[in-house]
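These protein sequences, in sequence, are chains A and B. Residue numbering for the first sequence follows this note's numbering, starting at 1 and increasing by one per position. Residue numbering for the second sequence follows this note's numbering, starting at 1001 and increasing by one per position.
Think of the hints as simulated: they come from the structure by calculation, not from any bench. Treat the hints loosely; a few may be bogus.
[What the hints assert, rightly or not] If you want a taste of the chain B side facing chain A, the calculated C-beta under 8 Å gives, among others:
id, residue
1, F1029
2, F1114
3, A1228
We put the CB at the ideal spot given by N, CA and C, even for glycine.
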Amino acid sequence: MQGEEKTAETKNRTRALLLKILLNGFLMLYAATAIFPPIWMFYSSIKTQAEFAVNVFSLPTHVYFTNYIKIFGMGTIYRATFNSLFASLVSIILIVMLSFAVGYVLARYHFRLKRPIYLFFLFGILVPVYGLLVPVFIQFKAIGMLDNQFTIIPPMVAFGMPISIFLIEGYVNSIPISLEESAYMDGSSQLNSIARIIFPICSPIVATIVILSFLSTWNEFGFPLVLLRSPQLKTVPLWLRTFFGQYATDYTGLMAALMIASIPVIIAYLIFHEKIMQGLTAGAVKG
Amino acid sequence: MGAKSVSLFRPSFQRLAPYLVPAILIYGFCAILPIIGAFRYSLYTDLEFKLKYVGLANYLTLIFDSDFWLCFGNNMILVSINFVFQIVLAFIIAIWMHSKLVVLRDTVRILLFFPAILSAIVVSFLWMLIYNVDYGMLNVFLKAVHLQSWTRAWLSDPDIVIFAVVVVTTWQYTGFFVVIFLAGLTNIPEELIEAAEIDGASISQRTVHVTLPLMSGTWRAVLILSTANGMKLFEHPFVLTGGGPGLHSAVLAIYAYNNLFFRSNLSYGSTVSIGTIILSFALIGAITLLADRLVLRRGNGI
């Protein structure tokens, strides 16, 4: 009787171990498929074209920065980087300020237009954004807003706001309202208590919004594509497209260009991955 | 919020307006006004650079436009495959990752999520190189393992091109959904799972009867998000194939883009855009309604 139990137990244990190995093996394999293409992009970018032609998989024998030096030598990347940084920076500031104001009001006040305003911004999350490329182009063309330094900022801000508003609203909801009430009793004006008390408390979620907005504005392609024409206004994704058009067969050079376009978001991810995941999941679970 | 706060914080809209108006203006200007404008254009024809009012005639054309429905079909392929990978498979993977058996959970999570932070453009160009006929990782790999006959021109074969595009979006976004499900799972109170365990429920029973209903909020969000993503897709097919060959990998956003920028047809491009938005919201509405009826009504959501 006892012996039977024992064999059953060892059997169970073997099964658990087997399950553990299978499970972990599968997850490792999946993680490897997720990460291998970018790693391939990285090590191919420091190979020479000849080396790449011989074997696309082999690791580089030496580190060649030639591809990078060539791209930085051409100079067009500087202007594109500046344009991208400028658009990202201005958009991030506006997204944070405007979303904070709306998110705060939605969290703290009850008023008749609250639900319509909520739905109004929810629409921006659900609408097929790139279904709006043509309508936005037509409108911007009609009022002469195409192709200048500020052109892409309004769409970036507009479509960056909804998720930020909901993140702020959720966060402010978790802050006890007694904080503002006691400040009010002490004679602090409303604006003052928002700026001095609530905004600092919200700094974790604001940081998340800053990082998420950086990722989405830096990566944005659709709106710059249709709204910008002049070469000197091109953002990094548009620069990348031109580069691919010009050097279509310089494979290792293309890999270096992809790396250059990705380095800022990769660095942001390495430092802030927790914040990025928290923000996106909080936003999604709320949606 | 207690009764005290209501008396203190019930201001008139005039007092709140300064906080709301700038955001509403920018957002209305970029997200709402263009749709109204596009709807107006869709009621005209603009052949030979002259606008002529035609009522809903463009929509009649749209309904009988097989190209439009071909593109919609491609969007539907995306939405369905997204459902299989980003919802069903991602949920299963999240359940596994949530179990105590997994080692290096945080590392795996960080790696899975990584593709989602890259730009859609970078990812598409990278996969263009992977699919490259001569130097692409995929064909080279197939040759190396003696599957020569499997190699092909992935992005110019009309029968498989849309699936080649789907592979890219699946690769990029499945990890994102795994992480969302994982967050939903972490939100479930441990005691509830333990109680079910003590009652003798097996893993699959616990998943179906406890975990699933408790995650209805996450499920709704993921369903909506994944469907909306399938309907809005533009960048990946635009970069990988431009929608070709023919329209075999074109989606609605590309069809609207082509009508405007290649055929200079302002009003029909607008009609396609409005059609896309209507179909997209109809689909999202139908899917949430169906999900609520079938599965989610049992849970009260977390």
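What are the numbers of the hints the structure violates, in ascending order?
none
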